[in-house]
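So the sequence lines, in the order shown, correspond to chains A and B. Under the numbering used here, residues 1 to 38 are what the first sequence spells out, in order. Under the numbering used here, residues 1 to 360 are what the second sequence spells out, in order.
Heads up, a few of these hints could be off.
[Unchecked claim] Here's a subset of chain B near chain A, in silico, CB distances under 7 Å, partners left out:
{"hint": "1", "residue": "V256"}
{"hint": "2", "residue": "Y258"}
{"hint": "3", "residue": "Y269"}
{"hint": "4", "residue": "V300"}
{"hint": "5", "residue": "S332"}
[Claimed, not checked] Every beta carbon over 12 Å from chain A, so not counted as near; a handful from chain B, in silico:
{"hint": "6", "residue": "Y22"}
{"hint": "7", "residue": "V31"}
{"hint": "8", "residue": "T48"}
{"hint": "9", "residue": "Q80"}
{"hint": "10", "residue": "L95"}
{"hint": "11", "residue": "P155"}
{"hint": "12", "residue": "R230"}
{"hint": "13", "residue": "L233"}
{"hint": "14", "residue": "S253"}
{"hint": "15", "residue": "Y302"}
{"hint": "16", "residue": "V309"}
{"hint": "17", "residue": "Y319"}
{"hint": "18", "residue": "Y330"}
{"hint": "19", "residue": "A335"}
{"hint": "20", "residue": "Y337"}
{"hint": "21", "residue": "S340"}
Keep in mind that the hints were calculated from the coordinates and are not lab data. For clarity, every value in this text was computed on a predicted model and none was experimentally measured. Just so you know, even glycine gets a beta-carbon here, dropped at the ideal spot from N, CA and C.
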Amino acid sequence: MRTILLTAYTFVLMNWAAVAGLYHFARGSENLWIKATR
Amino acid sequence: MLGPRIAEAIFWISFSLVSYVYLGYPLLLLVWSFLVRDAGVKRYSEPTVSLVIAAYNERENIVSKMDNCLELDYPREKLQVILSLDGPTDGTDALAWKYASCGIEIVWSPVRRGKAAALNAAVAEARGEIIVFADARQRLDRGALRELVANFHDPSVGGVSGELILCDGTGEEAAGGVGLYWRYEKLIRSRESRIHSLLGATGALYAIRRKLFEPLPRDTILDDMMIPLRIVLGGKRVIFDPAARAYDKVAPSPEVEYRRKVRTLMGNYQLVARMPELLLPSRNPVCFQFLSHKVGRLLVPYFLMALFVSNLFLLRGIYLGSLVLQTAWYLSALAGYAISRRSPEDHAPKSQAGSGKEAA
């Protein structure tokens, strides 16, 4: 049950990241030394 | 207020897009990958290799990383290791200079210019036929370089991405939450590789032919996507080799992964803005995959919102069932948030090795 709940949370969070990503990109707020991709 | 017909149209369009991105596209890849290409042929050889690591403040990782580089299974006379230090302020440079006597070449900038500039400076010093890029934090498998370069036997291959394995506190590959999400991603990447090319490499470990490198704009966010995609646009393939492995700890909480993801997706927006030809099938041989995977992921959140909102205006038959399922899903996410807040240490790795037992 715990895995399902955390998976649902991760899914929602990762999707929200796309909205936040657009917001930060539009604002030009980027730190060039934060690790991004895997 | 939405009329039922408009709400229905929005519901089904949103449902179709979300389903396609998360289920339809991976299934399509699965079938497609069995039909079009084989996995390619590797031939083990020993071309000259330049291993490039760009680092900023990596005091915690730099010693283990340098030791790891010196332990790699590759002829020392054919391996150039370049550490590009981008104005570190935490003493990383003092630790790194000790390795200069071991043959590690250090490119040092007194001021911070960004990762892309650090990579450009390092590649300018590279002499190897093949450039391998790695990050400072992850530990490389001893045979990772051999596995990567064996793929360049195929002249159509311009780049190769290794596999990043995320380990949990026990040293096993992480299976839940972020680990599960990452496994799903890797499945898609491996299928895309079989069909033609990846849409980006694993920043922890990837290799390209040196002659294909073009200097990066200084404010590049995703060097490990821009470099491979330039190669693909130039007519070569970029493939995935799961035999070349790097190990990292799984993010200690979904929130840490979230911050990384925000930046990745910011980088995707930057890529589309900088390289609009990625959206043109006439220019980009993996345009369909790029639209389905990368652009689709950028659009999904808005369609998820539209799906839920339109469902609120459709409270009958299957729509009611859909609303119950969606509500249950978001309540589960809320409960997951509460669990994550209450016990972050439960999914935090307990060891400091950062490498998993396979690498150790």
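Hints and how they fare:
no., hint, in the structure
1, V256, "violated, 11 Å"
2, Y258, "holds, 5 Å"
3, Y269, "holds, 4 Å"
4, V300, "holds, 6 Å"
5, S332, "holds, 4 Å"
6, Y22, "violated, 9 Å"
7, V31, "holds, 24 Å"
8, T48, "holds, 27 Å"
9, Q80, "holds, 24 Å"
10, L95, "holds, 18 Å"
11, P155, "holds, 27 Å"
12, R230, "holds, 15 Å"
13, L233, "holds, 18 Å"
14, S253, "violated, 10 Å"
15, Y302, "violated, 8 Å"
16, V309, "holds, 15 Å"
17, Y319, "holds, 21 Å"
18, Y330, "violated, 7 Å"
19, A335, "violated, 5 Å"
20, Y337, "violated, 5 Å"
21, S340, "violated, 6 Å"
In summary, the numbered hints that this structure violates are 1, 6, 14, 15, 18, 19, 20 and 21.
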